[in-house]
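Dock chains B, C and D against the given chain A, drawing on the hints supplied.
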Amino acid sequence: MEDKLQELVVELLGDGAMEYFIGYRQGFEPSHVVPCFVTDKSEADRLIWGPLCLQNLSKYVLQARDLDGKVGLLVKGCDARAIVELVKQHQIERDKIVVVGVPCEGQVDPRKMEQVLGVSMEQVTDVEDAGDEFLVKVGGEVSKLGKEQVLRDKCFYCKHPTSFDYDYTLGEVQPFTIDSESEEYDAVEKLEELPLEERRAYWLKQFERCIRCNACREVCYGCYCKECIFDRTDPRWLDRTPLPRENEIYHLIRAVHLAGRCIDCGECERVCPVNIPLGRLYKKLQKDIAELFDYEAGMEYDTVPPLVDFELDDQDPFL
Amino acid sequence: MASESSDEGGNGYEPKILVFACNWCSYAGADLAGVSRLQMPANCRIIRVMCSGRVRPEFVVTALSKGLDGVLVLGCHPGECHYSEGNYFTRRRGLLLKNLLQFVGIEPERFQVRWVSASEGAKFADTVEQVTEQIRALGPNRPQGGMHSTEPGDR
Amino acid sequence: MDRKKISKADLGRWLDTIAGKYELIGPTEDEGIIQFGPVQSSAELTLEYANSLIPPKSLFFPPVESLFAFRKRGEEIQLEETKPLQQDRVIFGIRNCDVGSLSLLDRVFCDDLEDSYYRERRERTTLIALACPTPPRSSCFCTTFGIDPLSPAGSDILLTDVGDVYLVDAVTDKGEELVALGEGLFAPLTEGEEKELQPPPVDMPQLDVRELRERLEALWEDEYWEKLSLPCLGCGICTYVCPTCHCFDISDVGSTSDGVRYRCWDSCMYSDFALMVSGENPRPTKRERTRNRYFHKFSTFPSRYGTGYACVGCARCLVHCPGGVEITEVIKDISAKEGVSDR
Amino acid sequence: MTANIYLPSIATVREVRPETPDTSTYVVSFDDPQLRESFAYEPGQFAELSIFGVGECPIGIASSPTREGLLEFCVRAVGTVTDALHDLEVGDKLGVRGPLGNSWPTTEIEGKDLLFIGGGIGLPPLRSLIQYVLDNRDRYGAVQIVYGARSPQDLVYKEELKEWEDLPDVDFHVTVDAGDDTWDGAVGFVPPFLKDINPSPTNKVAFTCGPPIMIKLVVEALEEMGYADADIITTLEMKMKCGVGKCGRCNIGDKYICRDGPVFSFEELRSIPGALEV
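Protein chains in written order, with our numbering: chain A, 1 to 319; chain B, 320 to 474; chain C, 475 to 817; chain D, 818 to 1095.
So here's chain A without its partners, still in its complex pose (with noise of 0.2 Å):
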């Protein structure tokens, strides 16, 4: 597949169908992939496809406003939904980008991968997908572990695995089977059924984490205002000071800017160098926005997002 996807890339920047690509390489190590911005013909052998290729590359297309030509980009099934968004919310024009449909069978969690093997992704030198199960090498031995034990959360219930609206696709899913009983909301259920003094304690306490690098909103698609709230000096509604309080606002006016326009890609939380589960807040929104208002974000062009649409017979408890 990676062959098909240079060649399909040296032809596509060679006639001058987009002014460069946007894909995975390989990072410092084997198990570390990173973005690769393709420019020029000559560099298309970087690119790689594989099940650590986690990046939603979607963020990087709204650069491509200030171009004159295209921008191409891989897009494994989950990450098409932020396309699909960024287009609906007119932050981008749908012609100004190449959509390349990768088809996934699966993602790696890398911390849950360190946990089942009981090493570093250091030592992975290879991760291949194989059906129901990873081919995993580890000092030049190759051992097979079920999609179950590392999927990242949000493979369990992937909604389409190929992206629905694409230029070019570079083949099918090969059906798999993932032996799971984990539902979609698990985590989100089990924070609600707590007592509400132990939800406090437990986000307080991973806000008080947050350094405040802002990872989670430059990698997000969905931050593409194009001044932050929090960076505005007036009003200022946010000191830069990570003090606990200020995180706490940081993270859920973040949370609500984005109801209804997260796609639960992950980012957030995977960048997060601090590991605060940000995707249970998203999640929770998501959950309710589903429940409330029947929407699911980035699944079709042509509805309208819950924020900017009511029904008269919306659920009221306000009376």
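Hints listed in this document are in silico derivations from the structure and should not be mistaken for laboratory results.
Watch out, some of these pointers could steer you wrong.
[To be verified] Computed Cβ-Cβ distance ranges for the label pairs, DEER-style:
#1 D/GLU982 - C/THR556: 49 to 59 Å
#2 B/ARG375 - C/LYS495: 50 to 60 Å
#3 C/PRO679 - A/GLU192: 45 to 55 Å
#4 A/ARG111 - D/GLU1094: 35 to 45 Å
#5 D/ASP900 - C/GLU594: 32 to 42 Å
#6 A/LEU196 - D/ASP900: 34 to 44 Å
#7 D/ILE1030 - B/GLY458: 52 to 62 Å
#8 C/GLY753 - D/ILE1089: 15 to 25 Å
#9 A/TYR202 - C/GLU700: 36 to 46 Å
#10 D/ILE1089 - C/GLU700: 14 to 24 Å
#11 D/GLU1094 - C/GLU668: 52 to 62 Å
[What the hints assert, rightly or not] With the Cβ distance kept under 7 Å, some of the chain C side facing chain A (calculated, not the full set):
#12 CYS709
#13 SER725
#14 HIS794
[Stated by the list, open to error] Calculated pairs, BS3-like style, for lysine-lysine (alpha carbon to alpha carbon, straight line, at most 27 Å):
#15 A/LYS226 - D/LYS1056
#16 B/LYS417 - A/LYS287
#17 D/LYS910 - C/LYS557
#18 A/LYS226 - C/LYS701
#19 A/LYS41 - C/LYS701
#20 A/LYS41 - C/LYS811
#21 B/LYS417 - A/LYS190
#22 B/LYS417 - A/LYS205
#23 A/LYS287 - A/LYS88
#24 D/LYS910 - C/LYS546
#25 B/LYS335 - B/LYS442
#26 C/LYS557 - B/LYS385
#27 C/LYS669 - A/LYS4
#28 C/LYS482 - C/LYS701
#29 C/LYS546 - B/LYS385
Don't be surprised by glycine CBs; every beta carbon is placed ideally from N, CA and C.
Just chains B, C and D now, with coordinates in the frame of chain A:
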């Protein structure tokens, strides 16, 4: 933005509550309550907004995080919005926000939305009374106190 | 002082004695994150770590610190300075890359306009460095910048794990005071041990940085910066996990009658870092900001302070950058480039 | 400076003089009588002014050390701190941290003829040196001042401008971008106005301060007239926080504007990559 926190708990505790009232209904309702000389607790600071739809979620989050004890948003009854549909958006937003705040452990009484029309002076007074009592019963939102009680530690 | 040894079983006892007299700070694990923090006893420490996520620069230059409190009393304004430390401290387990970073930060904070907060923390802290495990992490490249992961330079004591015991090199008076606290726990090495107990040599990739500065300076206008900045997301991770970055912001929290002036870490990668109130921004795009960061590390810092490069090869930035910008690649790219005139 | 480089000293506003609709001069003195005595500064230095609870911002000292007792700051309301400064009334308190930065080169220019070119509120930092020179008149040669603003009401130090105009040993020129009913002086931008005056570069040092675009065009004009880069001196503005070369944001090349500046000659600036891009 109000930054000081409530007094410590105990006998002297008086909650501080921020009320956003829609210009066309609820604010007029508040007026009516005043003119009718209805008795109301004095814990609320009212900010008049042109529509309850003007109340962005960050107003609520910031007020609560910075130590106010409660936030009450008052709008026209659904169907009676001066701008025809502003409060329908308030309703959706309010629901989500209320759930989210509870999810992170903030008591549901601390953020409330109610519909009060211009003719409902008595309902305004009752609502304010009721919400104040609920919040008084909960005690201070941030018992640890003022702005800089949360001393940053070394990391 | 001569090299001594301490058994692994006795290390905890020694550290507990230290904790009785000083504030003891060391590596702990919480929620999967290694961080340096105060502990009551050695039992809270972890020894299974390559390095902390946030560098121990945070113990000298904290992510947030109060500079002073202000209070209005009638017409008068009272300022109350913050005392940075309550007690003398001992930091156990610092790695040599981070020890190296402190000598760079000293140049910034202890020049002729001295930062008293940083200075007091430095003076009242004793450093017990722990030689790095071998092999080092695949990302490490400290030797590129002249740092020896097995040297006691810059710390007060160096401990080296050689199997059943730690070798102990106390190289300063402060260090010897700590060793004296653990009387009976330390033993001199026999002649045989002197030879035998040696850590395995540390082998890590070495980048050629001899001409880095000159080459970099020739690239100010190069299109390289545009390309390098493409994957950068503009977050602050690289600067927050960097042991040598020292940018900060100052802001007041509270009301005009009662509050605190804080300083907190800031990042040159943020779009509003240098944005002036007039709306002008000397570093308006990621291109200028990225360029500024590498120039700072490899050109302007050394030139301003007469030091080596402002990088200690800890690799935190390359491990954590969400965009995959890798400082090692940048160094290689710069070294591989012909001068601007050839382009 | 106190031992703690971040700790301001408390001062009281003694006088507020409105200069233009959005700019006022604040005359302040330290509350501590000892500090009032000992506070020494050079023309061209600046201070960080504090409104506690709002923040700090760097403002050039507009007065000259030759005129003892009080410090003057000319402040335009453009941001949160400067807005808060504008709420100050006589008797109010503020924090002053300084003096900071380098200064105009007062000794190196002895015996030289001096040309000052100011635009808008770029005049106050120059005024510190102008006053210094006028108070040490015998150490310096001829003094020429060229000043311009957007409109007559945007001219600062209106009274002082008249004094300078009347001084026999000062050659004073003023212009506005757009005149009004009250204005019978020159109309036009500073750079062409300067070219018309055509001051000779011989034995002369030029000092300029104003909006970036004006400085750029003034420097071009001066170079056309034959001024050397080393004899064109300006004071730079950059976002600052600490004011003491630590917080890392006001650098151009390896210079921190707050420590190594704000005063630079164009000869220095040309040697720093990126310095003139702003």
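Hints, verified against the model:
1. Against the hinted window of 49 to 59 Å, the Cβ-Cβ separation of D/GLU982 and C/THR556 comes to about 51 Å, which satisfies the hint.
2. Evaluation of the 50 to 60 Å hint for B/ARG375 and C/LYS495 yields a pass: the beta carbon distance comes to about 53 Å.
3. Remark: the range hint 45 to 55 Å for C/PRO679 to A/GLU192 is upheld by a beta-carbon distance near 49 Å.
4. Restraint check, A/ARG111 to D/GLU1094: a C-beta distance of roughly 44 Å satisfies the suggested window 35 to 45 Å.
5. Between D/ASP900 and C/GLU594 the Cβ separation comes to about 35 Å, which falls inside the hinted range of 32 to 42 Å.
6. In this structure the supplied range 34 to 44 Å holds for A/LEU196 paired with D/ASP900, their Cβ-Cβ distance being about 41 Å.
7. Roughly 59 Å separates the CB atoms of D/ILE1030 and B/GLY458, a value that falls within the hinted 52 to 62 Å.
8. Taking 15 to 25 Å as the suggested C-beta distance range, the pair C/GLY753 and D/ILE1089 conforms, at roughly 23 Å.
9. A hinted range of 36 to 46 Å holds for the C-beta pair A/TYR202 and C/GLU700, which are about 44 Å apart.
10. Separated by about 21 Å at the C-beta atoms, D/ILE1089 and C/GLU700 satisfy the suggested range of 14 to 24 Å.
11. Against the hinted window of 52 to 62 Å, the Cβ-Cβ separation of D/GLU1094 and C/GLU668 comes to about 59 Å, which satisfies the hint.
12. With a least beta-carbon distance of about 4 Å to chain A, the hint placing C/CYS709 at the interface is held under the 7 Å criterion.
13. Interface restraint check: C/SER725 against chain A, minimum CB-CB distance 5 Å, threshold 7 Å, status holds.
14. About 5 Å separates the beta-carbon of C/HIS794 from the nearest beta-carbon of chain A, less than 7 Å, and the hint is met.
15. Pair hint A/LYS226 plus D/LYS1056 holds up; C-alpha atoms about 21 Å apart against a cutoff of 27 Å.
16. Only pairs whose Cα atoms come within 27 Å are accepted, and B/LYS417 paired with A/LYS287 is accepted, the gap being roughly 14 Å.
17. At most 27 Å may separate the alpha-carbon atoms for a hinted pair to count; D/LYS910 and C/LYS557 meet this at roughly 25 Å.
18. Distance hint between A/LYS226 and C/LYS701 is fulfilled; the C-alpha atoms sit about 22 Å from each other, no more than 27 Å.
19. Restraint check: the Cα-Cα separation between A/LYS41 and C/LYS701 comes to about 15 Å, which is no more than 27 Å; the hinted pair holds.
20. In summary, the hint linking A/LYS41 to C/LYS811 is supported, as the alpha carbons are separated by about 19 Å, within the 27 Å threshold.
21. With a C-alpha separation of about 18 Å, the suggested pair B/LYS417 and A/LYS190 falls inside the 27 Å cut-off, and the hint holds.
22. Of the supplied pair hints, the one linking B/LYS417 and A/LYS205 holds, its CA atoms being roughly 21 Å apart against a limit of 27 Å.
23. The suggested pairing of A/LYS287 with A/LYS88 holds, with an alpha-carbon distance near 21 Å, which does not exceed 27 Å.
24. Pair hint D/LYS910 plus C/LYS546 holds up; C-alpha atoms about 10 Å apart against a cutoff of 27 Å.
25. Restraint check for B/LYS335 and B/LYS442: the C-alpha separation of about 20 Å stays at or below 27 Å, so the hint holds.
26. Only pairs whose Cα atoms come within 27 Å are accepted, and C/LYS557 paired with B/LYS385 is accepted, the gap being roughly 26 Å.
27. The suggested pairing of C/LYS669 with A/LYS4 is violated, with an alpha-carbon distance near 58 Å, which exceeds 27 Å.
28. Among the hinted pairs, C/LYS482 with C/LYS701 is inconsistent with the structure: their alpha-carbon atoms are about 50 Å apart, more than 27 Å.
29. For the hint linking C/LYS546 to B/LYS385, the alpha-carbon distance of about 21 Å falls within 27 Å, and the restraint holds.
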